[in-house]
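J.: Chain Z: place on chain W using the hints.
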Amino acid sequence: GAGVSQSPSNKVTEKGKDVELRCDPISGHTALYWYRQRLGQGLEFLIYFQGNSAPDKSGLPSDRFSAERTGESVSTLTIQRTQQEDSAVYLCASRPGQAGDTIYFGEGSWLTVV
Amino acid sequence: GNSVTQMEGPVTLSEEAFLTINCTYTATGYPSLFWYVQYPGEGLQLLLKATKADDKGSNKGFEATYRKETTSFHLEKGSVQVSDSAVYFCALGRQGAQKLVFGQGTRLTINP
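Chain order of the listed sequences is W and Z. Count along the first sequence from 1, add 81, and you get the number used in the working numbering. Count along the second sequence from 1, add 1481, and you get the number used in the working numbering.
Hints in this document: simulated from the structure, not taken from any laboratory. Do not rely on the hints blindly, as some may be mistaken.
Computed footprint of chain W on chain Z, listed as stretches where at least three residues anywhere in the stretch have a Cβ under 8 Å from a Cβ of chain W [claimed, not checked]:
#1 1521-1527
#2 1581-1593
With the Cβ distance kept under 10 Å, some of the chain W side facing chain Z (calculated, not the full set) [said to hold, decoys possible]:
#3 Val85
#4 Gln87
#5 Leu124
Backbone N, C-alpha and C fix where the C-beta goes; we use that ideal spot for every residue, glycine too.
Next up, chain W with everything else stripped away, as it sits in the complex (with noise of 0.2 Å):
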């Protein structure tokens, strides 16, 4: 498709369950960036790939986040033994190139943890 592609669009897990959230970026775009978006709070930056660099996993809240991504297309970001407060707006997003271009974002995957 022309944008960025997320799946699922609604996750409901049990709590101590994994799960995985896909990405498809815009084809050509060599950044992906996942961000988490709690209810009534702002976009908190988790991992960040560019091409074929070591990513930027400052973000990430715990060792049961991780995320991946193969060549510069799909990634995936796992999220291990969830909790409660995992639960929250997952977004993906991607960007042509160079820093400054514009970021497009997905329109996220919804986590519940009952």
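T.: Below, chain Z without anything else, positioned relative to chain W:
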């Protein structure tokens, strides 16, 4: 570190009212400043941006001026419409840095 503080919402206005959503930032050097908008059921999209002091970003009737002396980037629109109802995010990006720092968002509702 870098941070962005936005006017708390929600903000409710009548159609054709004047809108201001305040945004101030803390950063070293000369960041780029952005306003993103999230319409109901859609992803965030860039509304406007400014890359240096005194620049004015504008789009869809919205404007924001990069004020270095007051470290502000307030969003304004002279006459809002119902279709402007959305959540607005102010963001900061350091030159050479890769990630944006966002404010907490301001929910705007315009009543007919």
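J.: If you take the shortest Cβ to Cβ gap from Val85/W to chain Z, is it below 10 Å?
T.: holds (7 Å)
J.: Are there three or more residues in the segment 1581-1593 of chain Z whose C-beta lies within less than 8 Å of some C-beta in chain W?
T.: Coverage by chain W holds here, the residue count being 6 at a Cβ distance below 8 Å.
J.: Three residues minimum, CB to CB under 8 Å: does the segment 1521-1527 of chain Z make the cut for coverage by chain W? Let me know.
T.: Result for this restraint: holds, n = 6.
J.: Does Gln87/W pass the interface hint, meaning its C-beta sits closer than 10 Å to a C-beta of chain Z?
T.: Where the cut-off is 10 Å and the nearest Cβ of chain Z is about 8 Å from Gln87/W, the hint holds.
J.: Under 10 Å, Cβ to Cβ, is where Leu124/W needs to be relative to chain Z, so tell me if that hint holds or is violated.
T.: Leu124/W check passes; min Cβ-Cβ to chain Z is 4 Å, inside 10 Å.
When held up to the earlier numbered hints, the structure conflicts with none and fits them all.
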